[in-house]
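Trainee: Each chain is listed here by its residues.
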Amino acid sequence: MTGVLPITLEESTKIVQALLYSGKEYVCVMKLHGEASEKRVTEVLKEFEDTIYQRPPLRASVKRQLRTRKIYYIDFLEMEGRNVLFKVGCEGGTYIRKLCYDVGEILGCGAHMQELRRTRAGPFVENGNIVTLQDVAYWFMEWQQQKDDAIIKKLIQPMENALALIPKIYIRDSAVDAICHGANLTAPGVLSLETGINENSLIAFFTLKGEAVALARAACSTDDIMQMEHGIVAKTERVLMPRGTYPKAWKSGET
Amino acid sequence: MHMPRSIAPWEIARKILVKSEGKANFRYGRKPEERTAEEYMRYGVINLDKPAGPTSHEVAAWVKRILKLQQVGHGGTLEA
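In order, the protein sequences belong to chains E and B. With this note's numbering, letter number 233 in the first sequence gets 233, and the count goes up by one each step, no holes. With this note's numbering, letter number 34 in the second sequence gets 1034, and the count goes up by one each step, no holes.
Think of the hints as simulated: they come from the structure by calculation, not from any bench. Relax, there's no trap hidden among the hints.
Distance condition first, Cα-Cα at most 20 Å in a straight line; then the derived SDA-like pairs of lysine to any residue:
hint: 1; chain 1: E; residue 1: LYS147; chain 2: B; residue 2: GLU1034
hint: 2; chain 1: B; residue 1: LYS1015; chain 2: E; residue 2: GLY196
hint: 3; chain 1: E; residue 1: LYS153; chain 2: B; residue 2: GLU1033
hint: 4; chain 1: E; residue 1: LYS98; chain 2: E; residue 2: GLY108
hint: 5; chain 1: E; residue 1: LYS154; chain 2: E; residue 2: PHE140
hint: 6; chain 1: E; residue 1: LYS31; chain 2: E; residue 2: LYS98
hint: 7; chain 1: E; residue 1: LYS154; chain 2: B; residue 2: ALA1037
hint: 8; chain 1: E; residue 1: LYS46; chain 2: E; residue 2: ARG97
hint: 9; chain 1: E; residue 1: LYS209; chain 2: B; residue 2: SER1020
hint: 10; chain 1: E; residue 1: LYS98; chain 2: E; residue 2: GLU43
hint: 11; chain 1: E; residue 1: LYS154; chain 2: B; residue 2: GLU1033
hint: 12; chain 1: E; residue 1: LYS154; chain 2: E; residue 2: THR132
Stretch-level coverage of chain B by chain E, calculated; a stretch enters the list once three of its residues show a Cβ under 8 Å from a Cβ in chain E:
hint: 13; region: 1016–1024
hint: 14; region: 1035–1047
hint: 15; region: 1051–1060
Here chain E is said to cover these stretches of chain B; the calculated rule only asks that three of the stretch's residues, wherever they fall, bring their Cβ under 8 Å from a Cβ of chain E:
hint: 16; region: 1004–1013
hint: 17; region: 1063–1076
Glycine is no exception: its CB is placed at the ideal position from the N, C-alpha and C atoms.
Here chain B stands alone, though its shape is the one from the complex (with noise of 0.2 Å):
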């Protein structure tokens, strides 16, 4: 027998339920895309596609240098 299988994380749809209604101010604050570049260096992320032979670790290593940056971290080594 073969159980329904699990659901990925992407596959699950969501709605927004209002609880409350509410204004943004926007006197503060900022949309994500309204970033300054310096902004989206602090606050964002890369979708690297990795080369072969170097860890995840090296690769984060080279971006943090490549970019002049002070911390860097990588979302999952390759589970081989």
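Pulled out of the complex, with its shape left as it was, chain E reads as follows (with noise of 0.2 Å):
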């Protein structure tokens, strides 16, 4: 098992690209193909603990461009022989093999990748509700047989847990309807909302009751949100929500 790989279902697969943003965690066995000491190893994976330069590999599926990712961190955990265990969160789209050879590099001894497990998938982590392909398998049987709901909710989340990393507004129920037919929010329909939005930050619409309305761009910070009494907030990019969910509460330009 290599750990936590979110799969979006149908409608959700429209939030996909708020997950590939969200940063990742890995566990990671690297292995040395030389001698070096733990406090050297230590320090050397702290030195990259930074924004990093990486060119995708030779048998990658993207362009090959110097890229910079941002490692938030890198922790040591153990040493055996020439197999050293680091936790990295990074940036998604890090090469972790990259990482190793990199790494190897400073050491001065060389190092390859072993071993990887992803520990962190933006908000999804290895906790209770990770499940297997076999879980998928037979907890759908299960639930095709007895028609028990409960059972399809311990395989599957809401799409809204997927988006638990992303800033949101709170929009009134009167405005959620326009905005699922590709409207933009503006001031009066804002309720609530969080901090750390800046201008052009990814963000996300939510009705009161927690239901995810559309991903958008904001227009504004949240302390600017804060001042407006009208003007456009956000710009919707992606609707999530089916129109007609909430009633139509606008008026259409002829009437």
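Could you use the hints to bring the two separately framed chains together as a complex?
Mentor: Dropping the structure here:
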């Protein structure tokens, strides 16, 4: 098993973009090609706790252009002979194999990635709700026979859970259907909002009941939105809720 | 010199600020956890422990076939 891989179903596939950019955490076994002290290995790993440059490997499916990735943290866990166990929190798209190679170069002895397990993808971690493919097949069959919704709810989570790390604006029920038709959010539709929203932040619109309405791009910061009485606060990018879930409370152009 | 490290998205503590008071109308919509199993399958996500070997894409395709769905996606390959 190689760890956390969120799978989006049907309509929730629209949020996959939000998951891809939400950061990852891995536990890695790195194999050194020569001797190095634990102290030295710990020091060198810490040096990579920074913005690093990486060129995608030959076999990668993306353009091989030098790119930067943020390493949020690297924690040395333990070392046995030439095997080094560490934990790394990083931006999506960081090549850990490359990271191990580069750590080996700085150490001078060389190194390669031996084993890798993802312990986090955005809000998803290895906790009670992680399931295997066998679980999926088994519980789905059980549900088909017993028709007990609780079985499916053990297997599948609401898409809202995938948006846990994205800053949210809670909107008025009366604004929901306009958003579902693609309208942008204006100041009067805002009930409450999270701190840390900046211009161009990827955000999500939620109802008071905690339902995701759409993904959007903030037009201004949390502080600005708190002050605004009119005008667009965020531009709707991806509608997640079906039209007509909430009543239409807006007038069309002709009336 | 070591620069202070960047904060991971899951380390950010957010607070909710109230701009305007409003009430939820319970005649419409539903809390996510009150959805039916069919709705879970339509608006849901699986936290899957990926088996070693097959690609993320292949694993996603298996889930799609097992659950008899039209469309599935995955949250990124293991960037080795």
